[in-house]
Amino acid sequence: MRMSKLFSKTLREAPNGADSKGYEYLLRAGFIRQLGAGIFTLLPFGFSATKKIEQVIREEMNAIGGQEILMPLVNPADIWKETGRFYSIDREMSRFNDRSGRDMVLAMTHEEAVTDLARGEIDSYKRLPLLVYQIQTKWRDDPRPRAGLIRVREFTMKDSYSFDIDQEGLDKQYAEHYKAYFRIFSRCGLPVIVVGADSGMMGGKISHEYMYLSPIGEDTIITCPACNYTANRQVATFKKTYYSEEMKKTEKVLTPDCKTIEELAAFLKIDKHQTAKAVFLVGTFINDTNGEEEEKLIVGIIRGDLEVEENKLQNAVKANSLRPAHPEEIVAKNMVPGYGSAIGCTDDVLVVVDDSVAKSNNLVAGANEDGYHLLNTNFGRDYQGEVADIASASGGHACPECGKPLVASKGVEVGNIFQLNTRYSENMNCTYQDENGVRRPVIMGSYGIGVGRLLACLAENYSDEKGLSLPISVAPMQVHLVSLIKDAQVAETIYQALTQAGVDVLYDDRKESAGVKFADADLIGLPIRITLGNRSLKEGKVEVKLRNNLEESFSFGVDTVVEETLSLIAKLKNELASQIVENEWQNN
RNA sequence: CGGGGCGUAGCCCAGUGGCUAGGGCACCUGCUUUGGGAGCAGGAUAUCGAAGGUUCGAGUCCUUUCGCCCCGACCA
0 MRMSKLFSKT LREAPNGADS KGYEYLLRAG FIRQLGAGIF TLLPFGFSAT
50 KKIEQVIREE MNAIGGQEIL MPLVNPADIW KETGRFYSID REMSRFNDRS
100 GRDMVLAMTH EEAVTDLARG EIDSYKRLPL LVYQIQTKWR DDPRPRAGLI
150 RVREFTMKDS YSFDIDQEGL DKQYAEHYKA YFRIFSRCGL PVIVVGADSG
200 MMGGKISHEY MYLSPIGEDT IITCPACNYT ANRQVATFKK TYYSEEMKKT
250 EKVLTPDCKT IEELAAFLKI DKHQTAKAVF LVGTFINDTN GEEEEKLIVG
300 IIRGDLEVEE NKLQNAVKAN SLRPAHPEEI VAKNMVPGYG SAIGCTDDVL
350 VVVDDSVAKS NNLVAGANED GYHLLNTNFG RDYQGEVADI ASASGGHACP
400 ECGKPLVASK GVEVGNIFQL NTRYSENMNC TYQDENGVRR PVIMGSYGIG
450 VGRLLACLAE NYSDEKGLSL PISVAPMQVH LVSLIKDAQV AETIYQALTQ
500 AGVDVLYDDR KESAGVKFAD ADLIGLPIRI TLGNRSLKEG KVEVKLRNNL
550 EESFSFGVDT VVEETLSLIA KLKNELASQI VENEWQNN
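The opening position of the first sequence corresponds to residue 0 in numbering that gives the first Met the number 0, with each subsequent residue numbered one higher.
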């Protein structure tokens, strides 16, 4: 590619809003341009890098038996009604009517479409296991796109779907994905960790997320440096300390201006763990078969030294969504915000009590009366409710496995794998006949990788103060040929020779000053830079530098530049290949 | 959806209610220059996001609206 003909140009300054390094460079180097909120165009460099990532994914998916297909972005709503997700998913999924008024959706994932496909193709156990995948555009109308390509509305995703006769088969395909994903990310050069995850809207049971740890991430990951326990905070557990003692008699005390646990503990001169706090939320419950919605007030009771993890609470009550309750809604159930507890609330309130409270005694709780608290409240004796773990794990908490302190980090989810089991096949009647002629639902798994997000993470990980420095496996091109000489003939010859040898060359043939050319080369960051200058040409040589080590410079002979470049490319590829991570999944 | 910020040339930004809306970068022409974002001279480019209003007069004040960004809610 001649730079003089390149469609995109580099930007000297970062466009407004480019707040992370990776995002800034992707814009400035001409990889991407924004069209709208969470909507981006891939320019030649961005498209090329994306295709390389996709190729890595294809090779690894094919290696575990995946067959590539392409399903439509537009789905008839009928199949989404069959699984209930037409109703349970909120406005994140865009809907419209076709010309004859039929309900249609823009698919945000393809469990429904692939299950519909599978029920037509799979009839016998003899046909299983199967694995299909696609690399396709998704539209999710996220209420708040942000951080460049990290959280967008339109994006490319690799999604694969496995079909098996039993759990054992699913475990096998799941384990193969688990391993293949590590190969994919490490071939691209992205360091990831795998964490136990919440299955959220996908349903199903076992799931893992692949996380790139970075401050730009939106997920909080809880890890244990001592024993390698890892989990998304949404599901992370920790070893709690309980404070049990003999139950004492409840006593009402005056506690003016004590609406927070801090104020209360300070006023009564007690520790925060001797209190119980109430968190008021309203849960929406949607009937999967007809879409009818019902709202219920939920009170989460947790010990004062802990915080509620709303995701855990939502799972505990099986709500579709939660929102903070309005004060009127709380009062209507006989409770008082700021001085609230589950004691004396109406029967229709869902009370969920964290085990930290259930297993501790004589906690101070709200009296549901302005300015008063109750001493020595005890779960079971003074109020009832469902006991569950709804506490949020934080850095410093004790590891559930080994008891050592946990660490909290930020991460970006670049991939995930789910065991769906029969969540979709049962609803959509996707069955096979076993050896005995009995119809059984197909056991399914679903596995995703965000391609654009992966590129964004790579840009974040492989950049310095001058620009990008993507690994050779995903860099848009391999060699940046910078010509600083007046006589273009030598440069042309080398460019042609390299190109004919199959090397991806970006040839800077522009009439620009050396400074401009070097600055652009730094910004775009192709792995190998070959500079043609009078200095070295006099000695029959060209200067060579690696983008990830601009300090060091070496030279190739003008006559041998093709062979030497080819072997350097091979060497860089081998280095990456030697870093491929092989990790096995152990189901325990 | 709540809170905040910003919309002025391709990009970054300046612009007390007052004359013909400025600068830097980028762009075009010519000359010079060619190892780290060059120099000189000349030039083109804006319905100041949109609509309405106040005013003798609006980029500037008011109202409405659209878009983008940030925080929160939200989020496979």
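Quick caveat, the hints were computed from the structure, so don't treat them as lab data. Quick caveat: nothing in here was measured; it's all calculated off a predicted structure. Certain hints may be false.
[Claimed, not checked] Capping the alpha-carbon separation at 30 Å, the derived lysine-lysine pairs in DSBU-like fashion look like this:
#1 137 to 204
#2 178 to 570
#3 295 to 268
#4 510 to 178
#5 258 to 247
#6 8 to 403
[To be verified] Here are the simulated distance ranges between beta carbons:
#7 246 to 400: 44 to 52 Å
#8 322 to 346: 40 to 48 Å
#9 227 to 539: 51 to 59 Å
#10 400 to 256: 40 to 48 Å
Ideal Cβ positions, reconstructed from N, Cα and C, are used throughout, including at glycine.
Going through the hints against the structure:
Using a Cα cut-off of 30 Å, the hinted pair residue 137 and residue 204 holds, with the two alpha carbons roughly 24 Å apart. Restraint check for residue 178 and residue 570: satisfied, since their Cα atoms lie roughly 25 Å apart, inside the 30 Å limit. As the CA atoms of residue 295 and residue 268 are separated by approximately 36 Å, the hinted pair breaks the 30 Å bound. For the proposed pair residue 510 and residue 178, the alpha carbon gap of about 49 Å is over 30 Å, so the pair is violated.
Taken as a hint, the residue 258 and residue 247 pair is honoured in the structure, with Cα atoms around 24 Å apart against an allowance of 30 Å. Between residue 8 and residue 403 the CA atoms are separated by roughly 52 Å; this puts the pair beyond 30 Å, and the hint is violated. For the pair residue 246 and residue 400, the supplied restraint of 44 to 52 Å is violated, since their beta-carbon distance comes to about 32 Å. The hint said 40 to 48 Å for the Cβ distance between residue 322 and residue 346, and at roughly 22 Å that hint is violated.
Distance hint for residue 227 and residue 539: a CB-CB separation of about 54 Å, consistent with the stated range 51 to 59 Å. Evaluation of the 40 to 48 Å hint for residue 400 and residue 256 yields a pass: the beta carbon distance comes to about 42 Å.
Hint compliance for this structure: hints 3, 4, 6, 7 and 8 are not met, and every other hint is.
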